[in-house]
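Enquirer: For reference, the chains in residue letters:
4 protein chains.
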Amino acid sequence: MIIVMKPQAKPDSIQKIVALIEAKGLEAHLSDGKDVTIIGVVGDKSQLLDQNIEIYDGVDKIVPVTESYKLSNKKYHPNPTIVKVGSTFIGGDELVIMSGPCAVENRDQVLETAIAIKKAGVQILRGGAYKPRTSPYSFQGLEEEGLVLMKEAQEVTGLATVCEVTSLDAVEAAVKYVDMLQIGARNMQNFYLLKEVGKTGLPVLLKRGLSATIDEWLNAAEYIIAEGNPNVVLCERGIRTFETATRNTLDLSAIPIIKSKSHLPIIVDPSHATGVRKYVKALSMGAVATGADGLMIESHPNPATALSDGPQSLNFEQLNELCNEIRPLAHLMGKKF
Amino acid sequence: MIIVMKPQAKPDSIQKIVALIEAKGLEAHLSDGKDVTIIGVVGDKSQLLDQNIEIYDGVDKIVPVTESYKLSNKKYHPNPTIVKVGSTFIGGDELVIMSGPCAVENRDQVLETAIAIKKAGVQILRGGAYKPRTSPYSFQGLEEEGLVLMKEAQEVTGLATVCEVTSLDAVEAAVKYVDMLQIGARNMQNFYLLKEVGKTGLPVLLKRGLSATIDEWLNAAEYIIAEGNPNVVLCERGIRTFETATRNTLDLSAIPIIKSKSHLPIIVDPSHATGVRKYVKALSMGAVATGADGLMIESHPNPATALSDGPQSLNFEQLNELCNEIRPLAHLMGKKF
Amino acid sequence: MIIVMKPQAKPDSIQKIVALIEAKGLEAHLSDGKDVTIIGVVGDKSQLLDQNIEIYDGVDKIVPVTESYKLSNKKYHPNPTIVKVGSTFIGGDELVIMSGPCAVENRDQVLETAIAIKKAGVQILRGGAYKPRTSPYSFQGLEEEGLVLMKEAQEVTGLATVCEVTSLDAVEAAVKYVDMLQIGARNMQNFYLLKEVGKTGLPVLLKRGLSATIDEWLNAAEYIIAEGNPNVVLCERGIRTFETATRNTLDLSAIPIIKSKSHLPIIVDPSHATGVRKYVKALSMGAVATGADGLMIESHPNPATALSDGPQSLNFEQLNELCNEIRPLAHLMGKKF
Amino acid sequence: MIIVMKPQAKPDSIQKIVALIEAKGLEAHLSDGKDVTIIGVVGDKSQLLDQNIEIYDGVDKIVPVTESYKLSNKKYHPNPTIVKVGSTFIGGDELVIMSGPCAVENRDQVLETAIAIKKAGVQILRGGAYKPRTSPYSFQGLEEEGLVLMKEAQEVTGLATVCEVTSLDAVEAAVKYVDMLQIGARNMQNFYLLKEVGKTGLPVLLKRGLSATIDEWLNAAEYIIAEGNPNVVLCERGIRTFETATRNTLDLSAIPIIKSKSHLPIIVDPSHATGVRKYVKALSMGAVATGADGLMIESHPNPATALSDGPQSLNFEQLNELCNEIRPLAHLMGKKF
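Residue numbers (our numbering), protein chains in the order written: chain A, 21 to 357; chain B, 21 to 357; chain C, 21 to 357; chain D, 21 to 357.
Next comes chain A alone, as it looks inside the complex:
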């Protein structure tokens, strides 16, 4: 931690800060510059957590030097994490595609989807049973009934399954039926829920919040891992910006940043990011070439009648075409698919 003093800071004020640091058993290193004095703090700075140094007299600002996340930090865990979901491995040499409808609607829809996407080469079936919707008047999901259908689809096709959870009730139900729990963008900082999915030990797909920085995202992952569950996969799904041509702005630079700061795998969801079906293929290609470990692509037997997010869903012909175009690119990137 570095403490930058104001230009006019009095020696007395500087001395008080130094005394405070030393009283906590830490060392203070002073650099007297032409304009300002800076104080480097050496030692375990958690000792200073109960001090708000920025409001002491003469202090201009505090500059943190180390990240607050440890368990999700590559500096301390240099080897990439590989997360096993069913019989699929995310974060290794395989490109993993998750696909399926935004919301589980009925048995036929789920089974038809599972069979079709498996044929296209997809490894994991997604399908929402608990839907966070902006309006209370939109379809909210089939809840446990939806989970049962996901389980059946898993048994029929052997595909692993992932479902979003939005409450403790949902977590308790989902662990009985699915292979991976998803934390949606709106719940990325629902810390209570993060702890609960952490406790399950199941693989967790952690979507980036609409306005979450990379650092906040890795801190959210930290909540899960701190419960003893290292099986976290990150999912970039667009951030909120001023641009309205797409629903959100897909931030593919998150891929090399995450690869540089963390050991966790990262996949990309171009369907939710753009909200527009015709942009999904181009951005899927872009994500894979940028180094993503996988993709999440919405698909539906009949997007025109999907109860949730139909306009961004591919039909199975389109999904199949996408998988066929992705395949040689995945191979070029050294990934199996």
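Because the hints were derived from the structure by calculation, they are not lab data.
Same chains, same label: a pair holds when it works inside one copy or across any pair of copies.
Here are the computed lysine-lysine pairs in the DSSO-like style, where the Cα-Cα straight-line distance is at most 27 Å:
#1 Lys44 - Lys26
#2 Lys215 - Lys94
#3 Lys26 - Lys65
#4 Lys298 - Lys356
#5 Lys94 - Lys30
#6 Lys356 - Lys104
#7 Lys65 - Lys298
#8 Lys219 - Lys104
#9 Lys90 - Lys30
#10 Lys94 - Lys104
#11 Lys104 - Lys355
#12 Lys81 - Lys298
#13 Lys90 - Lys54
#14 Lys36 - Lys95
#15 Lys90 - Lys281
#16 Lys95 - Lys65
#17 Lys26 - Lys94
#18 Lys138 - Lys355
#19 Lys81 - Lys54
#20 Lys281 - Lys36
#21 Lys26 - Lys298
#22 Lys104 - Lys281
#23 Lys281 - Lys356
Small disclaimer: the values here were computed from a predicted structure and weren't measured.
Since chain A is already given, all that's left is putting chains B, C and D on it; use the hints.
Expert: Just chains B, C and D now, kept in the frame of chain A:
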């Protein structure tokens, strides 16, 4: 709802859309423009909820005409809502200030605060017992023990109290001790939690999400009111933008917009918005002059040792000074304080 | 300047940085932390301008300690700047309102406006002769003919005048006719133009760019002052965010931040910020109470037929009403109006 | 154009709007909905440009149906534009890479760069002679002297050249020396400058503004084409968002959007977007796979001593490696390189 067709849309495609609309018992009004055809849909458009018209052939875009929120919409409820909290009324002719520490730390801190802020003229005591923190290693709150202390402060001073809730457990505990429940910015779209606080019937302080539009915010309020609980107070607390000189960007234009679109009261939290103590007074003045129904101001007996958000907290002398400056402004705005 | 090394930085890499710093005649202060080493650089760091230290081996990041703007920086010029425009003083104990049409359209419009706004108490007439418009097919302004009309209005009413300039040609014409030059939001980082208005010595109204940070804004002011022209007035006019309920998001926190970092006056333009007439009064009140030195309010004899930005313009009755409501607030804030 | 009336709009107000529309020789189509009336305007709506219908009584909002840009709009010009720069074609079946230093510093630097990048396979040399810099104290470019060096590099290597222009003076100088003019992000809405580069007839590289929407960007292109110069190449270089891990957020979704809305070529500049050298290669790959027509990559003989933007520049070994990795990907995408 208006459906805008593409310039090159075929008569056949247009006919299909019209047929679909009419099949649902609605009317389709066609306007053939120089470049494009637009179709106005007349009738109860919830009939079209299971149709994703934007992916039909020839469709360019869908333009919604009416807002999706009804119960929080001024169009349908023109009279302002006044929310009673303890013996205080928010949204009427009173300016209401909530103050207290970000986090409840111990008995002395809470009681000292309650007594000091009451003297300054504050009507409601705030204090967090369940703290959503970016890092799992930050102080997470005293939980029920904190609620008990809030209750004691309420009994000693007669001040009403407000506490943030972050889970069903927290809701169940809080209803026993406090007068108003707060939904924090990070949980504004935790729809599960919104329903739960809706069911309690207690007044709810609904903070705006960091990246929530006004429409999404009013839809979140709709979730609470739809459970039969009309006692919602909105709280603007800054949105996330590119500017880093403040923690968030306080959006005071939210005040006249909310007053124009909704009947719900709105207060402003300049402490969390700026994250910087020295900007709090100026923006408190600005908020009141813009028409806010109240303020939420962090205060602490000793901000330098506050366990949460100390750098933005006022000490009691500063809070008192702020209240004294606000008073004549409140009167100028026609508000009692 | 502070150089933060990576945790795994080799002693050799650290030594290279130290040697580089010392070779430039500066001092390097090392602090060896538990995790990382930080190097404080003491001396005139402009010596390091031609070195990109962040790409040396082992370097994690560079933290600047002092701002890059000097002439607009309060640290070095603690007394507030007061800018004289005609016979009006901005930045002192007067609240200054600028008003008039977005675009000068014809003689009648300008004269009628000048007379009406003077009666309402406005001190400065605004009117655009060179209009930066998103589309090339929108009205682009009367150019020099418009300036001539502004001059006539100035002579008739005695009001000072301000006009936007968008090119060297416009600057050369405007200096002959108006009292103050305006740099619009889109040209805030048109550094060539900033230098040209700097050279004129005329007062400059510098609008904040749509996506400009406070620091970039003060650096833009620095360009003008560095040409020997200290007469800069800043104008907050909304920044670009995700919110679409207003055209831009008015950032009133810019007022206390500017007052804390700079000695320059700051006024607020709620008309362009919101783009909606009905929100202008509330935010004008908010701006004055937050501490603005003045306001810029669009007005027009007949907003319904204004050639530019009519929907946000007030008619003269509305402007008069706004001035009447502002007056007691200005007095409360200790300002003459 | 669609006019949406308020729920409580009186028949009289509706009638007034209809009369206004018909008085301009246009047709008004009414749809009376359950809640609101909407009015479709049919005919040449430029007739309504001098009317601000949104402020008429009873009007809720105006919804534009057609884009304001025509010449850059794919709807009216379905065939892709191919822009010839020197002997290179952008927008066709070739992947075009522009590379070179942010700023031209001296003869050796430019010639060494030109020779090295040509060897790597790059087709166009970039180099700034007029540098827009945030601070007036940063290096501002060699101006005409820099252009002369670019010309020499062009003659020695045969590479085409591109230089940024920031004023009419710069345009007048640049047309004598270089093959393509660049409009930088900060000048994207410097409409005066857009017209000037339009008049030259030279190919123009139009960078996206930091906070420009896709629509504003295409309107900026419209300014250039409207001067009779169809040779516009768009360049995505990151937009300003809340994320600080990169300098800007590269918006690769701009590629499919531009391909869907316009006929103009689009290239991507990952160097300026990220500001960080180590992220450039991954995002270059991503851009090409998403469908970019080319890349702009900063390179420098010795990034550590570059006078501008060194931290994001590649050295020639890194550039060569990037080109070698891009090559098979370009071929997979059906592009020559």
